[in-house]
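Protein sequences, first through last, are from chains A and B.
Heads up, the first sequence stops at 664 in this note's numbering, and the numbers go up one at a time, no gaps.
Heads up, the second sequence stops at 1044 in this note's numbering, and the numbers go up one at a time, no gaps.
Hints were generated in silico from the structure; no laboratory data involved.
Among the hints, a few may not be true.
[Claimed, not checked] In silico EDC-like cross-links for lysine to aspartate or glutamate, where the CA-CA straight-line distance does not exceed 20 Å: (1) B:Lys-283 <-> A:Asp-622; (2) A:Lys-657 <-> B:Glu-789; (3) B:Lys-277 <-> B:Glu-253; (4) B:Lys-283 <-> B:Asp-915; (5) B:Lys-283 <-> A:Asp-619; (6) A:Lys-657 <-> B:Asp-915.
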Amino acid sequence: MNRNYIKFLGLSVLAVFFLSSCKKILDENPRSIFTPDYFKTEAGVQGGITSCYGHLRLMFGNGYFLNANQISTDESTWGQNSDGNVKTLDFSGVGEIQAQTSNTGVLWGAAFPNINTASGVIENGAAVGVSEALVAEARFFRAFDYFLLVQTFGGVPLDLGAGELKFNTSTIRTSKRNTVPEVYTKGIFPDLLIAVDKLPASGRVTGGATKTLARLYLAKAYLTYAWWLQNPNNIPTYPAAQRTDPNGHDASWYFKEAYNVAAAGLESPGSFGLQPTFYDLSLGSNDRNNEMLLYADHTQASATYNGGDLSYSTGGFSTDSFAQWFEQWNYTNIRTSSSNTSWSAVSSVQRAATQSLGRPWTMLAPPQGVFKNTFADKSNDSRYDATFVTRYRSNWKEAALKVNNAIPENLYNANFLPVANGDAILSFLNEDVEGVDYSNSKFNSNVGAGVLPGRADFVIEPSAFSRICYPANWKLGPYRTDNNGGLGQPNGSLTRPFPIAKFSELFFIAAEAAVKGAATRAIGGTYANDGTARGLINVIRARAGKWRFDNGNNIAKVQDNSAAMTAATPGSIDIDYILAERSREYFGEGYRWWDLVRTQKWADYGRTFVIAGKTNPNDWKDHTVGTFTRNIAATNYLRPIPQSQLDALDMTAAEKKAYQNPGY
Amino acid sequence: MRITLYSSKTVMEFSGFHFKSAFTFAVVAMLTLCSLSLHAQKIAVRGKVLDATGAPIPGVTIKVKGTAVGTITGVGGDFQLSAEGNSILQISSIGFVSQEHAVNNRSVITITLLADSKSLQDVIVVGYGTQRKEAVTGSVASISGAKLNEVPSANISQALQGRVAGVQLTQSSTKPGATMQIRIRGTRSINAENDPLIVLDGIPFGGTIADISPEDIVSLDILKDASATAIYGSRGANGVILITTKKGNRGQEAQISYSGYYGIKDVMKYPMMQADKYIALRKRAGLNMNPGADEDISGATNTDWQDLFYRTAAVQNHDVSVVGGSEKGSYKFGAGYYKDEAPIPLSQYQRFSFRTSLDQQIGKLFRVGFTSNNNYSITDGASLGMYGVLSMSPLLNAFNTDGTTKRVVSMPQDNQWVYTKQTLGNLGDKYINRTKGFGSYNSAYGEVKIPGVEGLKYRLNLGANYITGNTGSYTGIGVFSADVANPNTASISNSQTTQWAIENLVSYDRTFAEKHTINAVALYSSEQISYNSSAIARRNLAGDTFQYFNMGQTSTGSNDDITIDPNNQSYWVSGLMSYMARVMYSYDNRYMLSATIRSDASSRLAEGHKWNSYPAISAGWNIQKESFMKDVHWVNNLKLRVGYGQTSNQSVAPYATLGRLSVRPYNFGASNANGYYVTELPNSNLGWEYSKTQNLGLDFSLFNSRLSGTVEGYITKTNNLLLSVGLPPTSGVSSYTGNVGSTQNKGFELSLNGVIIDHKNGWTWEAGVNLYRNVNKIVSLASGQTRDESNWLFVGHPLNVIYDYQKVGIWQANEATAVKQYEGSAGQVGMIKVLYTGGYNADGSPTRVIGPDDRQIINADPKFQGGFNTRVGYKNLDLSIVAAFQNGGILNSTLYGSNGYLNLEDGRRGQIDIDYWTPENPGASFPDPKGPKNSNNPIYGSTLGYFSGSFLKVRTISLGYNLSGKWAEKVGIKKLRVYATAQNPFVFFSPYYKQSGMDPEPNTYANDGANMAVSYGYGQRRLLTVGYNTPTTRNYLLGVNVTF
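Bound-form chain A, shown alone:
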């Protein structure tokens, strides 16, 4: 008994000693997360670079980001289903731009963490033996983000807390903005010059950064900075800065350099070039073609790597691609009749994951000027046909729509004429015509469309294009190969790469620099031309004249209107012509606001627009045409610093006020 208890006690005491030596329970060994130390390994640096590509998705493909760069320009106004996020940026009397509610902060929130990541890669890259070419990719993305920031917000901080352009690991909660010339000369040009030098001619990975891409951005940055130095319309900058260059150059030097860098890019395009037709450029099955210099990639193979749900996306502010939904209207309202004697409505165009359709959000609508002025030429220039959805075609077979328990062969549309599956149910006409009956009394399209005698499709004339019903943007529409004969998954996150930069833009940059006085020279190589603005633009226009396929009519159409196109180019090209041509080339892809801000033409171009639905934009049948005006102040050329930034700053109210751009 006694012996036993001593044994028990002894062992307990032993246990205590055993535990006392067991201090390792206070040590930590994470096994499911990466700590920042991983960034100091070669694999970590590689991962940092992948993250740089990944961050593109936070902006490109995000509908609110697209909205911010489209709305209030001559290309876009708010659509019928727009909410305050969209309307506050239209300046047309339906809301005020605000730091808290306007989605201009998408860029701000995406850029700085990526700048820091890029700085980390640049700092650690050499030490862990990563090649200069690889580090140059990070340099490209740092410059890329600073370039977007400086165009949008004015001067932004180069020091994130650890010193200028240093990898920040400090917990500092203050911030100081640099000036515009500091951002360009310290933050953008040096990185891009190294990127041009070190990046490979062909991408390391599919969609990888290349020398040509770096040239495009360097040329564009020079061009943009040159405009800023010149400041022809006296647009204010912030924080206050003299319009002089710390490097001692002037605007014309930068215009000249913009031209030279772009010209070099055109002469040694590497693996890049122009697609044979404009249609091919944006055709879903031809994604990642050699005209695309940069895109935010996506995939239908995996929701994880796609960054968005493949079945149903919520369209949030993340890596989802949902921008295309903004300029698609609710075509599912279209009705056709199942009977040819009395109107018996069935839904003939249903949501489908095809390039013409997709998910309708009706958030961005193109004003009528787009169709009447910008795309006035719809027969020679293939770009109208390959930019817009001009026919909405029936898909009841894919939808397995049943009438009397069977999928019908024909339905009856306008004039009770039979239509087959795949036929046009609604056509947006190229021009206004006489005699369209919009009454919808006998043949009720349900979308306020009209009827022309002898035509089976409903029609709408350009003068009746409204905020609720208009041709959608075809270029950005969904493309998937897993529809399996059905409608597919139109509500899923888009799985196509979202375009960011194209080879064609080198022509425009050189041309714009030429218009602004840069000395020109003959361009050699594949895209040989005389190097003048007209010569450069005509390369683009010649390609635009080439047809391979008639998208609207859904039939092959081989035609070469290049000669007519180049002949129509005016002898003397000015900035307005460049901007018009840019709109034809890049319509609705999020270029416009930046183009207009760079050239200081925004207030001008955005001032008035015309669209139908003046009396009641929610009424499909309202075809009354209204002219709307916008009131864009010079201070609006800089977007407000997002409220989330100001809220998170540990600074006084006065300091926060000074941090914000004037006018907000």
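Use these hints to put chain B onto chain A, whose structure you have.
Relative to chain A, chain B alone:
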């Protein structure tokens, strides 16, 4: 001797591999018990125990002196035992003066017990020991199991609500099986957990409060102030709940009890707008002029989707226990089954529980014991939510012309899979969502009296827990999707937690010279928790038969269908080491002093900051024991208590000091890659958060103990608050975890218990009330900052604030000019008017439009809270009512606000019933549907969700009857009680209930995206809200408790 079974191997295993050892221990203990035997020469003694009025007293303990033989009286005060003819019975019961009674060879004995005017002999559990109530110096609130079980409930949290001053229980989910959030004396921490520590039968419990069956509880003691909790150190930082469970008594005959109830649920429906009102709203909004293909705008169709959806749900609970004892030991076994069905079809929670405990004296010096609590639970259909149901417009016709239910219905802009009882019922193999959880919580102790030193004991506590969860779900092709061909998906996730704890205790307990009582405890302990979880998902499974059971069976064979999200895999290990010493000294039961010192080290904190030591001290004075109080007869007890103590908190996530990279998956064409970027910075200075509490309390018992109560006041200051600090985007990193700022809680608590009628003519009437107020505020934030707008933290304001615009009304028709001045071009009459704080021009117009500067800090904390309960008994019948109340505070209902998407006011989807502004209805409180929208909701729509949090809620009304009689004795029934209970029957004084007819208690965390369309950020998680979680129900139960 049995003790030799404790081989050296076993003990070593305890320190190394504890789980296995716990079982070994259990087996040993059971063998020990089985080998015991009882034999003595006895006669049968029967009797009755009565009180002064002649009423029988149940539950009286009767022991044969000098033996372990004993029993407990039944409902009728009856007892029966075997004793030798010359033995002496010891009769004791709480609240009565104990007595001894000689048997004198009688076989029938009637005993009358006198009420004890000082019912202060009650023993209170104070952690690592017990104390007589009159000696307690810290702030300890106690409640008996009997009182708790007046509210039949699945877990104690529901039963505790409104019962104890200073203990706030708030609903955080209405899903079946959910527990409540417990806050003792308010919220101290911003980031750290504020949940109290649960100690089960003396050993810290690794499970949650849901793992303990209320039926099993004898008493529950809550340590509220730092001087009381200090012994538990950092784990007790948020208060400690000590739970004592039923145990057999030594020498007691086996006693079998069954308790159970069955109830049906009456759902409190979400108030959705009906067809005629909905048509008018849609017309007024004007946005959706074309109805959906399945809608009928004539008004003839008025589908109540909730009626088509809810099922009749039931709740049931069954619990069987056996307690008993032998000469030198006692044992207990218990088993329970609980099933809670939600009104949502396919959604339910089932729990099987098994518990056992053994206690054995070995020789004169040793005592060993073992407790094991095991739960197995099955949760079904947790993924089913309400939004799909509530968001369908009432104009939709659910049925095809042939009477079948439609698969999908079309609204103006949305197609919605049809959620009804029938469609869910028809899913069969096409849907499953099941979580199986198993938790085993085991503790064992060995205690030895050190010979030669009276009162000195050594005790070893060992705890070993194993918790595992397995969730599998499968959704068939097209299920819940508007797209008939939507691929099927399956997912599984598993988690495992292992936890061990060792406590070495040396205690010394002795009274010197009759007046000096000393109790000293020294402790060394360590514990470790390991957690690991993994999850995988796949789409395109080969068919419904496989569900999630074989994810290798696929229709495509593509690995791209597999998702292993790194964010859904987790591993962490966390360790804690502690030393503690406590001395309690009492002189003549008049003056009491308790002093504690504790040191903790946590693995979660940074190197060099892991250790922290802190003291606590408290004193008490039993005033009525002083000679000058001798003649004050109406005072039975008067005690003043004062305490000061520190505690600390380590509750940051493990590895918070190390920083973190986030993963960013990306594809380069057809090849996938993972990117990494820094989202969380390391903090090599991360140290303990600690609180200092001062407590002053007065306990009293007056008028022959008919009125007793406690008044208490406290101040708690918490420094070095742990917080995940959000960084501005320009820092390039999202956040870091740091010690920032400090908070303060000041509070006042009052509890009163009275016996209004004391056994008069068969009547008794007791009532209790408690009331408390806690004022919380942030005293400082990092680096002298006074506002942290992105985290909603403001110096001088409570942690629970809403930082938003403040609605002051609706812009009226005569303010058409003003609304444009304040709101700019988007301004419209009929929209929400919010407070403007800017300046004015000479003409009275505002100098700017309303913007972020006008956001207000709105206090969301209640002014005071409490509860009351009353019990009226007449003979065998009793009626008890338990109620809880709250005054002030903010109830944030995202159903009405803009986060829920049910108050879009655009006639696009289902709409919550509101009275909205029109020129003809200017007094309405909701804005004009035609007004401007921000995102999808009216501008400032979030303000529509803020309601006053006041309510008085009758939680239960229970009518019980104690059956007794000869027939009962014949079948061996000692106690039989039947009761009927109504849960949540009434709500009063609640503006939210008035608006909605819904429960005024929250049902979801603010960052729970499943219950609102747009969830708040993690920083706002602490704010509880009402979202569209499983609807609250009123339950009607019938129950029975029987003891054999």
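Hints and how they fare:
no.	hint	in the structure
1	B:Lys-283 <-> A:Asp-622	16 Å, holds
2	A:Lys-657 <-> B:Glu-789	15 Å, holds
3	B:Lys-277 <-> B:Glu-253	68 Å, violated
4	B:Lys-283 <-> B:Asp-915	15 Å, holds
5	B:Lys-283 <-> A:Asp-619	12 Å, holds
6	A:Lys-657 <-> B:Asp-915	40 Å, violated
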